[in-house]
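The residues making up each chain are set out below.
There are 2 protein chains.
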Amino acid sequence: MRLNEIGEHNLIKRITRKAKNRNVLVGIGDDAAVIKTGKGKMVITVDTLVENDHFTLKWFTPKQVGMKAMEINTSDIGAMNAIPRYALVSLCLPKTTTLNFVDGLYKGIYSVADKYGIDIVGGNMTHGHEIVVDITMIGEAKGKIPLRSNARPGDYIISSGNLGASTAGLNLFLKKKSGFAAVKKKHVEPKAKLKKAYALAKYTNAMEDCSDGLASEVRNICAQSKCGAVIEWDKIPVSRETIKAAKAIGLESKNFALFGGEDFELIATVPKKHLSKVKGFVVGRITKEKKIYLKKNGKKEQLEKAGYDHFA
Amino acid sequence: MRLNEIGEHNLIKRITRKAKNRNVLVGIGDDAAVIKTGKGKMVITVDTLVENDHFTLKWFTPKQVGMKAMEINTSDIGAMNAIPRYALVSLCLPKTTTLNFVDGLYKGIYSVADKYGIDIVGGNMTHGHEIVVDITMIGEAKGKIPLRSNARPGDYIISSGNLGASTAGLNLFLKKKSGFAAVKKKHVEPKAKLKKAYALAKYTNAMEDCSDGLASEVRNICAQSKCGAVIEWDKIPVSRETIKAAKAIGLESKNFALFGGEDFELIATVPKKHLSKVKGFVVGRITKEKKIYLKKNGKKEQLEKAGYDHFA
Numbered sequence: 001m002r003l004n005e006i007g008e009h010n011l012i013k014r015i016t017r018k019a020k021n022r023n024v025l026v027g028i029g030d031d032a033a034v035i036k037t038g039k040g041k042m043v044i045t046v047d048t049l050v051e052n053d054h055f056t057l058k059w060f061t062p063k064q065v066g067m068k069a070m071e072i073n074t075s076d077i078g079a080m081n082a083i084p085r086y087a088l089v090s091l092c093l094p095k096t097t098t099l100n101f102v103d104g105l106y107k108g109i110y111s112v113a114d115k116y117g118i119d120i121v122g123g124n125m126t127h128g129h130e131i132v133v134d135i136t137m138i139g140e141a142k143g144k145i146p147l148r149s150n151a152r153p154g155d156y157i158i159s160s161g162n163l164g165a166s167t168a169g170l171n172l173f174l175k176k177k178s179g180f181a182a183v184k185k186k187h188v189e190p191k192a193k194l195k196k197a198y199a200l201a202k203y204t205n206a207m208e209d210c211s212d213g214l215a216s217e218v219r220n221i222c223a224q225s226k227c228g229a230v231i232e233w234d235k236i237p238v239s240r241e242t243i244k245a246a247k248a249i250g251l252e253s254k255n256f257a258l259f260g261g262e263d264f265e266l267i268a269t270v271p272k273k274h275l276s277k278v279k280g281f282v283v284g285r286i287t288k289e290k291k292i293y294l295k296k297n298g299k300k301e302q303l304e305k306a307g308y309d310h311f312a
Numbered sequence: 001m002r003l004n005e006i007g008e009h010n011l012i013k014r015i016t017r018k019a020k021n022r023n024v025l026v027g028i029g030d031d032a033a034v035i036k037t038g039k040g041k042m043v044i045t046v047d048t049l050v051e052n053d054h055f056t057l058k059w060f061t062p063k064q065v066g067m068k069a070m071e072i073n074t075s076d077i078g079a080m081n082a083i084p085r086y087a088l089v090s091l092c093l094p095k096t097t098t099l100n101f102v103d104g105l106y107k108g109i110y111s112v113a114d115k116y117g118i119d120i121v122g123g124n125m126t127h128g129h130e131i132v133v134d135i136t137m138i139g140e141a142k143g144k145i146p147l148r149s150n151a152r153p154g155d156y157i158i159s160s161g162n163l164g165a166s167t168a169g170l171n172l173f174l175k176k177k178s179g180f181a182a183v184k185k186k187h188v189e190p191k192a193k194l195k196k197a198y199a200l201a202k203y204t205n206a207m208e209d210c211s212d213g214l215a216s217e218v219r220n221i222c223a224q225s226k227c228g229a230v231i232e233w234d235k236i237p238v239s240r241e242t243i244k245a246a247k248a249i250g251l252e253s254k255n256f257a258l259f260g261g262e263d264f265e266l267i268a269t270v271p272k273k274h275l276s277k278v279k280g281f282v283v284g285r286i287t288k289e290k291k292i293y294l295k296k297n298g299k300k301e302q303l304e305k306a307g308y309d310h311f312a
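From first to last, the protein sequence lines stand for chains A and B.
The opening residue of the first sequence carries number 1 in full-length UniProt numbering; numbering runs sequentially from there.
The opening residue of the second sequence carries number 1 in full-length UniProt numbering; numbering runs sequentially from there.
Derived from the structure by calculation, the hints contain no laboratory data.
There could be a bad hint or two in this list.
Claimed, not checked - Quick list of the computed label-pair ranges, beta carbon to beta carbon:
| # | chain 1 | residue 1 | chain 2 | residue 2 | range |
| --- | --- | --- | --- | --- | --- |
| 1 | B | Ile249 | A | Lys226 | 54 to 62 Å |
| 2 | B | Gln302 | A | Lys176 | 54 to 62 Å |
| 3 | A | Lys176 | B | Arg14 | 30 to 38 Å |
| 4 | A | Thr56 | B | Asn10 | 23 to 31 Å |
| 5 | B | Lys272 | A | Lys144 | 38 to 46 Å |
| 6 | B | Ser276 | A | Lys144 | 53 to 61 Å |
| 7 | A | Lys272 | B | Arg14 | 48 to 56 Å |
The beta carbon of each residue, even a glycine, is placed where N, CA and C say it ideally should be.
Take the sequences, apply the hints, and build the full model.
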């Protein structure tokens, strides 16, 4: 059997084993692992950018590649209500890579490191046939950690901001559509939403950053919380610019929001009593029934397609 | 300028910046970073295997790939006199990868994890054109950490065991030479030498695991300790089997020891007063003069070539 037959989620399930060390508070399956260290809690995550998959030098500058690699990890740390502190940068680079690329990459890495106060404490360099930027990030938990497994039936599903812009930007590039600079920028310069994450954390049951699309994040939360959800098509927040950009290339922006990903907003589930205290867009509800529905034009249909699969 | 012109070591120097957080006790440049966590110290390292560079499925089983990926990181943790605790596994896999490969890989990863008591707490999976296995490992410092920067003129340079076998094994495979199973096994099943590392740590000034060859490790130690060294050709320890294997393919086993790497013995510098307390082979001395010499047939020549360079 090949990986494109089994799929990413089943594969992760297959290789996951429960941790034995009791200092492992959260293992595989959330935005980051959580480890007890003396009185504190450390969160650790790793994420990878592969050339011509997660980025292309056709429309990313080297600096933007470095920035993206750091922001996507910072986003995972933020979704655990933690402060990013340290990072290790592991690179595969073809021997023909230019010094210009590496200098630009690190300019991007350090610019984000400086913004958030992160130290680059280590890494590795080796050669390969394609550029792979793999960053491990370590953060310090601020307090309560809103896990994916903690959603409760009745919770409101919140998006901390508009979705779909990054995928709209990608499609503008792919279709060589001029204009829409602001939408394209959302693709090449995604930002972690640390402040939004910290503000939400106090009031949420479950939280996750939106890297693989709303449908995928809701599915992750539901799978781990053993519940289901109804997402309301009309309520999916998409900016005017994104709608306009999607129309210009004949595509549906809400599908970008559902299945595209890389917006790095927070998807959180909030109990009714806290709803007035949080900022964000309500996009649906958590249900007891363990299925995920999309409510569109008054009809409720089960959501089959559920976000980006790396091996599909 | 391209990376093959600047070289790995200059590149690392170029991208390294001093850490700002005072909890970073050791940053880029040693076997692992060291971070203060409350009362303890955490060490963190990352290392990568790329298909057809660090391994090939022509002579590695998937399980051996997983084992190697874990052992080489464990070796770095050991060289810092630390206990390996947690690992994150970040994979790039072609979509056509078989489930059989992934199952075997994780069998190897978990077999080493179980041997040392390491928990796999996270990771990432994405697709790429070649298999990349990137492991981040976190350990807990046992006590004194023998840094690369701490060698002193007059120190004896020690290898904790025989060198050159892994590269001899690789060359046997490359030349399709039958026999020499034990030497080949050193290449496909390298082992971290944790016990040797812990035993040495107390008495060494500097220590490093031998991943890129004796010449490279001595050069690293000298560069960071601002000193030089004399390595004695006659004293470089190579097993009889390795000598025999090298001869059978018409190559010089001591060159494997000097420039080959992947033996994962410890290279340590030990002050005279502790020499009688350590087990290992004396291979040379640390000198005040900041040059590295090889003494061979009574002649002292400067060692120009200095180990594996990933971009050469």
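Hints versus structure:
1. In this structure the supplied range 54 to 62 Å holds for B/Ile249 paired with A/Lys226, their Cβ-Cβ distance being about 59 Å.
2. Separation of B/Gln302 from A/Lys176 is about 56 Å and conforms to the stated range, judged on CB atoms against 54 to 62 Å.
3. Between A/Lys176 and B/Arg14 the C-beta distance comes to about 35 Å, which sits within the given range of 30 to 38 Å.
4. Distance hint check for A/Thr56 and B/Asn10: the Cβ-Cβ separation is about 28 Å, which falls inside the suggested range of 23 to 31 Å.
5. With their beta carbons about 56 Å apart, B/Lys272 and A/Lys144 fall outside the hinted range of 38 to 46 Å.
6. A C-beta distance of roughly 55 Å is found between B/Ser276 and A/Lys144, which places it inside the suggested range of 53 to 61 Å.
7. For the hinted restraint 48 to 56 Å between A/Lys272 and B/Arg14, the CB-CB distance of approximately 55 Å keeps it satisfied.
Going through the hint list in order, the structure does not satisfy hint 5, though it satisfies all others.
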